[in-house]
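Turn these sequences into a full structure, and let the hints steer you where they fit.
In the order they appear, the protein sequences are chains A and B.
Just so you know, the numbering used here puts 19 at position 19 of the first sequence, and the rest follows in order with no gaps.
Just so you know, the numbering used here puts 58 at position 58 of the second sequence, and the rest follows in order with no gaps.
Please note that the accuracy of each hint is not assured.
Said to hold, decoys possible - Computed Cβ-Cβ distance ranges for the label pairs, DEER-style:
hint, chain 1, residue 1, chain 2, residue 2, range
1, A, Ser79, B, His9, 47 to 57 Å
2, B, Ser5, A, Gly16, 33 to 43 Å
3, B, His9, A, Lys13, 23 to 33 Å
4, A, Glu82, B, Glu88, 17 to 27 Å
To be verified - Away from chain B, derived, C-beta distances all over 10 Å, residues of chain A:
hint, residue
5, Thr14
6, Gln18
7, Glu48
Hints are computed from structural coordinates only; laboratory data are not their basis.
Using N, Cα and C, we set each Cβ at its ideal position, and we do this for glycine too.
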Amino acid sequence: KAGVTQTPRYLIKTRGQQVTLSCSPISGHRSVSWYQQTPGQGLQFLFEYFSETQRNKGNFPGRFSGRQFSNSRSEMNVSTLELGDSALYLCASSPQGSRETQYFGPGTRLLVL
Amino acid sequence: AQSVSQHNHHVILSEAASLELGCNYSYGGTVNLFWYVQYPGQHLQLLLKYFSGDPLVKGIKGFEAEFIKSKFSFNLRKPSVQWSDTAEYFCAVGRALTFGSGTRLQVQP
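The structure is reproduced here in C-alpha cells:
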C-alpha cells in the first residue's frame, strides 16, 4: 500500500496570509490526525478527523482548522499566519483511530516570513 | 493532562554499545504507548507499541521496550547499536498522541 502523502512538501508564505495543506491517508484508513513539529515545542497534536467529523482537538487557536472529505482525504487550514506558525506539519492516518498505530506522512514544511 | 518525559536529550554511543532511553508518562486513560524514530531526512516511523499484555515489547531493528506500570515508564532498549541507528527517538502516549521532547542518538563508528 502507498503510504500517507502530503502536499505540498514545502511552502513559503508571508504573515497575514492563509494556507491550506493536504493529506491523503493510507487506503482504507478512516482516521486522520494532524501534528505540528517545531524545534521549540516539539511534536504537538492539532486535531483528529474520523468519518468527516472532528473527533479530537488539541490546544491551538481557532486560526487552525481542518476538514475531512468522504474519501478520507483531509485538509488543514491556517488563517492569518504568524511567524510562529513556521513548522513541519505532519499528517498521520490509522484505520479507526482508537487503539491503533498512526502512520505518518513526510510532512509539509511551512515557512512564514 | 497527559505528558511524556524523555530524560536523555542527546546520547552519543559507539557502535556495539548498549542503549537505554528513558520515557516516563502521565496519562489518565487507557495506556497506549509508542516509540517512534525519525531518521535524518525521513518521516516518523513506528519502532514498537504497547497496548496491553506482555509488558516486554519487541519492535523492529532489534529494539525492545518494557512497560513498568508502577514506575509509569516505557524505556527503549537495544543491546548493540549500529551507526545506522543514528536518529531522533520519540516516546508517545495516548490516542491523540502526546510526544516526549525526543532523544537525539548519535552512534559513532
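The hint says 17 to 27 Å between A/Glu82 and B/Glu88; measuring C-beta to C-beta, is that right? holds (26 Å)
Grab the minimum beta-carbon distance between A/Gln18 and chain B and tell me whether it stays above 10 Å. For A/Gln18, whose nearest Cβ neighbour in chain B is about 24 Å away, the distance exceeds 10 Å, so it holds.
Please settle this one: A/Glu48 was flagged as non-interface, so is its CB more than 10 Å from every CB on chain B? violated (6 Å)
Is 33 to 43 Å a correct range for the gap between the Cβ atoms of B/Ser5 and A/Gly16? holds (37 Å)
Exclusion check [A/Thr14 not at the chain B interface, CB over 10 Å]: Per Cβ check, A/Thr14 is outside 10 Å of chain B; nearest 27 Å; holds.
47 to 57 Å was suggested as the range; check whether the CB atoms of A/Ser79 and B/His9 agree with it. At 34 Å between Cβs, range violated.
Taking 23 to 33 Å as the hint, is the beta-carbon distance of B/His9 and A/Lys13 inside that range? About 31 Å separates the Cβ atoms of B/His9 and A/Lys13, which means 23 to 33 Å holds.
The structure is inconsistent with the numbered hints 1, 7, although it conforms to all the rest.
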